[in-house]
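All chains should be modelled from the sequences, with the hints used to inform the complete structure.
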Amino acid sequence: MEGNSDDDEVAEISFWEAMIWLTFFTVWIAVLSEYLVDAIQGASVAWKMPVSFMSVILLPIVGNAAEHASAIMFAMKDKLIPICVVIGWVMGRPMDLNFHLFETTSLLITVLVVAFLLQEGTSNYFKGLMLILCYLIVAASFFVHVDPIVGDDQPPKA
1 MEGNSDDDEV AEISFWEAMI WLTFFTVWIA VLSEYLVDAI QGASVAWKMP
51 VSFMSVILLP IVGNAAEHAS AIMFAMKDKL IPICVVIGWV MGRPMDLNFH
101 LFETTSLLIT VLVVAFLLQE GTSNYFKGLM LILCYLIVAA SFFVHVDPIV
151 GDDQPPKA
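Read in full-length UniProt numbering, the sequence shown has 32 at position 32, and its numbers run on one by one without any break.
Note that these hints are calculated values from the structure, not bench results. The model shown is predicted, which means the values in this text are computed figures rather than measured ones. Beta carbons are placed, not taken as given, at the ideal position from N, Cα and C, and that holds for glycine.
Taking CB as the label site, the calculated pair distances span:
#	residue 1	residue 2	range
1	F25	H100	43 to 49 Å
2	S55	L131	14 to 20 Å
3	D96	A139	21 to 27 Å
4	L80	T26	25 to 31 Å
5	S14	A46	42 to 48 Å
6	V138	V86	26 to 32 Å
7	D96	V138	17 to 23 Å
8	G121	A65	20 to 26 Å
9	H100	A75	23 to 29 Å
Now the structure itself:
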């Protein structure tokens, strides 16, 4: 059988060349990160966003851009092994995305609440409190919710 398999590819650069490039780009990203951190204050004033929002929300998104890009690349090449699904299969438990009514409803309500709160494009402490309370309500709901499907962990009903 002839085919182009990614497993049979030979390395295009040597180990030491790869280490040199890795070191170079690590230093380069560290330098760029310093400039990025220094620019946060000015960007905060120019964009009229709090420094804490930019530091806690935007900066981690930018910092993880490489991970996001590699995840997309692996997904496009069908190189994903959903570890939870594989572990569930080995254990004999389904780990699929077949959500039941409770999970679907809670996800829908959460999306609607977030969309409603973000509609204006502004935030304040009250909206933040609403999101935290929404999270706590969902967490408490899942804590007390009893799944109607009888699993291996539950005793059979008489």
